[in-house]
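Peer 1: This is what each chain is made of:
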Amino acid sequence: MLEVRNLTKRYGDIVAVRDVSFSAAQGQILGFLGPNGAGKTTTMRILTGFLPATSGTAKVAGFDVFTESAEVRRRIGYLPENPPLYAEMTTEAYLRFVARIKGMAKDTIEDGIDRVVKLCGLETVRGRLLKHMSKGFRQRAGLAQALIHDPPVLVLDEPTIGLDPRQIIEIRSLVRELAGQRTVILSTHILPEVSQICEKVVIINDGQVVLEDEMKNLTRSGSLEEIFLRAVAKVSTPEAAGVSTER
Amino acid sequence: MRNVLTIAGRELRSYFVSPIAYVVLTGFLLLGGWFFFNLLARFNMLLTIYSAQQNPQVLQRLNLNEFVIAPLLHNLSVVLVILVPVITMRTLAEEKKSGTYELLLTSPLRVSEIVIGKFLGSFVFVLLMVALTGVYPLVLFAYGNPEIGVVLGGYLGLSLLATAFVAVGVLTSALTENQIIAAVTCLVSLLLLYIIAWPADSAGETIGAFLRYISLTEHFGQMVKGVIDSKDIVYFASVIALALFLTHRSVESIRWR
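Residue numbers (our numbering), protein chains in the order written: chain A, 257 to 503; chain B, 365 to 621.
So that you can see chain A by itself, here it is in the shape it has in the complex:
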């Protein structure tokens, strides 16, 4: 469903993402782990069509992200690190706007809104302005906009960051519920989250993939923390990472 091959993104001398390759099968929940600045958000932005890669390929649902961008964008639900909300709109008006720009058929929009409002627990704030909502509700509104057009692929960038423990549990169980039919790629640096929800793990550090494996294989060789620390320790010098240090 998701196939990334040798993806590289350069900003002048800085290599944000270097030769990244990984894949996710249909219905899999893939955990995308890495320290801050590792390249998780950049990779996700390339997958969702926001940024172009410098080289490499990425395919979503069989469509190439660069040459068939519109097809890919139709099939992805994306929740960026900061939910893309229009502060002056109500939850309902916002979801209606997103439903329209995602190309939903007119007669399916109202049902779609009802469905995601229920799914994300937004009934009590349906008519409230987004700027008057707490972080937890705003995050849920962001998730709702990613889900409203029923996409086969979900890209979630740190979906539980800043939420309180109860909200975190709710979002996690929601993500678990959603997979099965959907492919989910979720980035985080909260390791317990990955152990609980994800079936596959990709660890990225300094722009490179240092580990790609199924969850069931990993838990045999130690706790996820140990595996993570071992994986990111291997690539601790710029030379080892292959990043250009020439000036």
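Do not rely on the hints blindly, as some may be mistaken.
Keeping only pairs whose Cα atoms sit at most 16 angstroms apart, straight-line, the calculated EDC-like set for lysine to aspartate or glutamate is [claimed, not checked]:
#1 B/K595 <-> B/E582
#2 B/K461 <-> A/E337
#3 B/K460 <-> B/E616
#4 B/K460 <-> A/E337
#5 B/K589 <-> B/E511
#6 A/K387 <-> B/E541
Sample of chain A residues facing chain B (criterion: CB under 8 angstroms; computed from the structure) [what the hints assert, rightly or not]:
#7 F306
#8 A326
#9 R330
#10 P336
#11 N338
#12 P340
#13 Y342
#14 E344
#15 R356
#16 K358
#17 G359
Anything over 10 angstroms on all C-beta distances counts as not near chain B; from chain A, calculated [as the list claims (entries may be wrong)]:
#18 N262
#19 T264
#20 D275
#21 G312
#22 P339
#23 T380
#24 R382
#25 M389
#26 P408
#27 E433
#28 E455
#29 D469
#30 A489
Source of the hints: derived by calculation from the structure; they are not laboratory data.
All residues carry an ideal CB built from backbone N, CA and C; glycine is no exception.
Fit chain B to the supplied structure of chain A, relying on the hints for placement.
Peer 2: Using the frame of chain A, we list chain B on its own:
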């Protein structure tokens, strides 16, 4: 088309759910009303003086179009040069700041749909501003006899001018995520285009003609006089098309940078 209307609708609605629309409309009409009142008062005074002096030559020359409507339209155009940058500064710059730019560009929307939608939203709002000032000529028609063709021509000119302003405003908003930079760049660009023909008289033949051709005031001035020449309409259409084309390229560039 549906996407264009969705984006334009959202843009227009956002003006009216915040104080922006009300403050801008009130301010604009307040100024317009003040200009109108003063121009009309002065016109009345001139009429009184010259009728008392029994001067038929000057009295012949005194007409509402030249002495009230034309200066009114010119004054309104100057106010628009100041207000339109402030109205359009947030169209794309704010989206970048608030993260919704990412939403638009990761949705199955074409760049042209985004650009035209944004432009259309601001355009309708500014057109509403101009249309509301139509109440002043209406008052004149009730009490006087201005030439309707000239009035309509002048208003067409003001509408085209305002549309060109909006297009430039959307362009400058696309180039930055800082609204102040967008507003100032637009204001300076519009002012430059406004006064660019100042040295035209003392410049050479070709340079003078060139400066006059690219000057907003020259073409607007012609339409206010009541001259509807295709040359002027083509000029405004070109400015609008160029600004929107450059906006399209700027928004699209994120896909190939």
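Peer 1: Now, for every hint given, state plainly whether the structure supports it.
Peer 2: The hints, checked one at a time:
{"no.": "1", "hint": "B/K595 <-> B/E582", "in the structure": "11 angstroms, holds"}
{"no.": "2", "hint": "B/K461 <-> A/E337", "in the structure": "14 angstroms, holds"}
{"no.": "3", "hint": "B/K460 <-> B/E616", "in the structure": "14 angstroms, holds"}
{"no.": "4", "hint": "B/K460 <-> A/E337", "in the structure": "14 angstroms, holds"}
{"no.": "5", "hint": "B/K589 <-> B/E511", "in the structure": "11 angstroms, holds"}
{"no.": "6", "hint": "A/K387 <-> B/E541", "in the structure": "20 angstroms, violated"}
{"no.": "7", "hint": "F306", "in the structure": "5 angstroms, holds"}
{"no.": "8", "hint": "A326", "in the structure": "5 angstroms, holds"}
{"no.": "9", "hint": "R330", "in the structure": "4 angstroms, holds"}
{"no.": "10", "hint": "P336", "in the structure": "5 angstroms, holds"}
{"no.": "11", "hint": "N338", "in the structure": "5 angstroms, holds"}
{"no.": "12", "hint": "P340", "in the structure": "4 angstroms, holds"}
{"no.": "13", "hint": "Y342", "in the structure": "6 angstroms, holds"}
{"no.": "14", "hint": "E344", "in the structure": "5 angstroms, holds"}
{"no.": "15", "hint": "R356", "in the structure": "4 angstroms, holds"}
{"no.": "16", "hint": "K358", "in the structure": "6 angstroms, holds"}
{"no.": "17", "hint": "G359", "in the structure": "5 angstroms, holds"}
{"no.": "18", "hint": "N262", "in the structure": "19 angstroms, holds"}
{"no.": "19", "hint": "T264", "in the structure": "15 angstroms, holds"}
{"no.": "20", "hint": "D275", "in the structure": "21 angstroms, holds"}
{"no.": "21", "hint": "G312", "in the structure": "15 angstroms, holds"}
{"no.": "22", "hint": "P339", "in the structure": "7 angstroms, violated"}
{"no.": "23", "hint": "T380", "in the structure": "21 angstroms, holds"}
{"no.": "24", "hint": "R382", "in the structure": "17 angstroms, holds"}
{"no.": "25", "hint": "M389", "in the structure": "15 angstroms, holds"}
{"no.": "26", "hint": "P408", "in the structure": "14 angstroms, holds"}
{"no.": "27", "hint": "E433", "in the structure": "24 angstroms, holds"}
{"no.": "28", "hint": "E455", "in the structure": "25 angstroms, holds"}
{"no.": "29", "hint": "D469", "in the structure": "29 angstroms, holds"}
{"no.": "30", "hint": "A489", "in the structure": "33 angstroms, holds"}
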